[in-house]
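Based on these hints, arrange chain B on the given structure of chain A.
In order, the protein sequences belong to chains A and B.
Heads up: the first sequence runs through residues 123 to 408, numbered per the working numbering.
Heads up: the second sequence runs through residues 176 to 479, numbered per the working numbering.
Think of the hints as simulated: they come from the structure by calculation, not from any bench.
Every residue, glycine too, gets a C-beta built ideally from N, C-alpha and C.
Mixed in with the good hints, there may be bad ones.
Unchecked claim - Partner residues aside, some chain B positions facing chain A, computed with beta carbon under 10 Å:
| no. | residue |
| --- | --- |
| 1 | 210 |
| 2 | 211 |
| 3 | 212 |
| 4 | 221 |
| 5 | 228 |
| 6 | 280 |
| 7 | 304 |
| 8 | 307 |
| 9 | 317 |
| 10 | 358 |
| 11 | 417 |
| 12 | 431 |
| 13 | 449 |
| 14 | 462 |
| 15 | 463 |
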Amino acid sequence: MSETIALSQTRPSRPHVLGKLAAGAVIGLILFFLILPTLIVIPISFNSAPYIEFPPSGLTLKWYSEFFSDPDWMAAMLFSLRIAFFTTISATIIGTLAAIALVRGDLPGKSLVLGLALSPLIVPHIIMAIALYLFFAPLRLTGNFFGFLLAHTMLTIPYVVIAVSASLQRFDPVLEMAALNCGANRGRAFFEIVLPHITPGVVTGAVFAFVSSFDEATVAFFISGIEGKTITRKLFEDIDFNLTPVIAVVSTIIVAISIILMGAIRLAQNRTSTSQLGETAGAIQL
Amino acid sequence: MSSLDVSSVNPAPAPRFARLFVVTGTSGRYPPLLTAVLLLPLLLLLFFSFLYPVGRMLVGSLFDPGFTLDNYLRMFNEPLYLKVLLRTLWIAFATTVGAFVLGYPVAFAMARAGSRLTLLIAACVLIPLWTSVLVRSYAWIVLLQRKGVLNDILVGTGIVEQPLKLIYTEGAVIVAMTHVMLPFMVLPIYAALRTIPKELPQAAANLGAGTFTTFARIILPLSLPGVFAGALMTFILALGFYVTPALLGGPQTLMMATLIGQQTTIMLDWPFAGALATVLLVVTLVLTFMFRRVLATSRGFANV
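Isolated chain A, as found in the complex (with noise of 0.2 Å):
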């Protein structure tokens, strides 16, 4: 109230209210555009109808219990959960004891190791799901779980440097040599003095991994195979060929998943730090 008086002084109130009113409009729209594509699959899960509807004339279970009860869809789901997990596991530690390094170490082309490991960031996916099925498709390594952990890894391997590099650069070297000085070793250290305060750091790398593995459907659509198939990539076929309410079951699932693991990281984030992502962007330097 008090805002709109202040201004009206400078200019005439009716103008500026509406321009405000067809500023909220527009903005109104465009988020409009941006958040209906992203939830419209969840309605249209639970549509009766064994078409495509919306709105949804009536609700049913019926395509969630025919996307549990379909073993191709099971074997697919598990296999990517299986994927996702160990990915997980290998790009955390392989991406923290990086990022220590990046941060803390002094190499001759430190720089170029930084660049190449947050390259799969803006390498077009397509290009690495080529060269990948190129080098798998004659090792019979496609639709292999190695395979995919390789290539998995590789790809969220830069969220968790960029993330644990965030949390170092906050951490003060000084306490890691006052371990050392009161004789603890490089491990111990590590463990008991660096490893607790930068455990933000690493646990939002590990999400970011997990979920971005998961969702991950370029490289998985390339280096699936016949047996071994991720749930993006099965996804992928079936809006191609068999577009069924199940398509938006999956969907609906697959976007939960990323939303309650990234919004449960985001709120942690701001009640540990609210600086952490202007810190996270200052970490990269491409």
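Relative to the frame of chain A, chain B by itself:
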């Protein structure tokens, strides 16, 4: 005797092995060998999953079995492939413009609104970003297909008589890609807008500038680094995008990424696919290196 003298000045020299691994300089930096050991798993991973496969692909595109540039020349000699290249640039450009036009107002509102409204807008930007691109492309199929949501509404309200052909068109690809890329545009612009001191627009207003003048001469110029970062990020990502054009585009909207996929899995012309992928990679890397300072300020990464 002399060793005693030395140790009174410096601490006893540690054994060579320990010096390389344990001793930290006064700044708390890790010595080079320890750094290298910590980086070793990453380097091995990057070698086997990235450098070696991409290198192999590059070599495969150049030798048949002797050295040849045929696969590269073909791209520029055959009008079809040249058309795909130009179309890719056009769609990436249109997506970037679309994301800017829609993204700037959102970033502006997010920077200006009260904390609660900012949270709401941030949720609308971040939730799509966290959602699988595959799911969002499927949602666009649901919206745009012949018996889709949009056609239902258009026919139901009598705006059109027959359902329109919306899907498998260039327009569908551009709209859906704009939606996918929008958060990458909003976040860097928002970050840039937030760093503008509140006093600057106030000072401009005090000096008699209207809302529009303040925006055009103070806010817009100061937010340009964010705009460049967002636009560049959007353009680079759009150039190599696979999922959305593969699902929403038809044969008439083949892009670089979809052409590479087609050559690999359907035509089985692996050397040519490798050549196309190499060109795409070079374009991406050149853009990244040319503008790496701009990209470093792109806070979009932090939220991916």
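Taking the hints in turn, this is what the structure says about them:
The restraint placing residue 210/B at the interface with chain A holds, with a minimum CB-CB distance near 3 Å, inside the 10 Å limit. Using the Cβ-Cβ criterion of 10 Å, the hint placing residue 211/B at the interface with chain A is satisfied: the shortest such distance is roughly 6 Å. Hint status for residue 212/B relative to chain A: holds, with the closest Cβ pair at about 8 Å, below 10 Å. Hint status for residue 221/B: holds, given a least beta-carbon distance of 6 Å to chain A, under 10 Å.
Interface hint status for residue 228/B: upheld, as the beta-carbon distance to the closest one in chain A is roughly 4 Å, under 10 Å. Interface restraint check: residue 280/B against chain A, minimum CB-CB distance 6 Å, threshold 10 Å, status holds. For residue 304/B, the suggested interface contact is upheld, since its CB lies about 9 Å from the closest CB of chain A, less than 10 Å. Taken as an interface hint, residue 307/B checks out: its beta carbon lies about 4 Å from the nearest beta carbon of chain A, inside 10 Å.
Checking residue 317/B against chain A: minimum C-beta separation of about 5 Å stays under 10 Å; hint holds. Look at residue 358/B: its Cβ gets to within about 8 Å of chain A, closer than 10 Å, so that hint holds up. Because the closest C-beta pair between residue 417/B and chain A is about 4 Å apart, less than 10 Å, the hint holds. Interface hint status for residue 431/B: upheld, as the beta-carbon distance to the closest one in chain A is roughly 8 Å, under 10 Å.
Interface hint status for residue 449/B: upheld, as the beta-carbon distance to the closest one in chain A is roughly 7 Å, under 10 Å. Here the hint on residue 462/B is kept, as its CB sits about 9 Å from the closest CB of chain A, short of 10 Å. Taking 10 Å as the C-beta contact cut-off toward chain A, the hint placing residue 463/B at the interface holds, the least distance being around 5 Å.
Hint violations for this structure: none, all hints satisfied.
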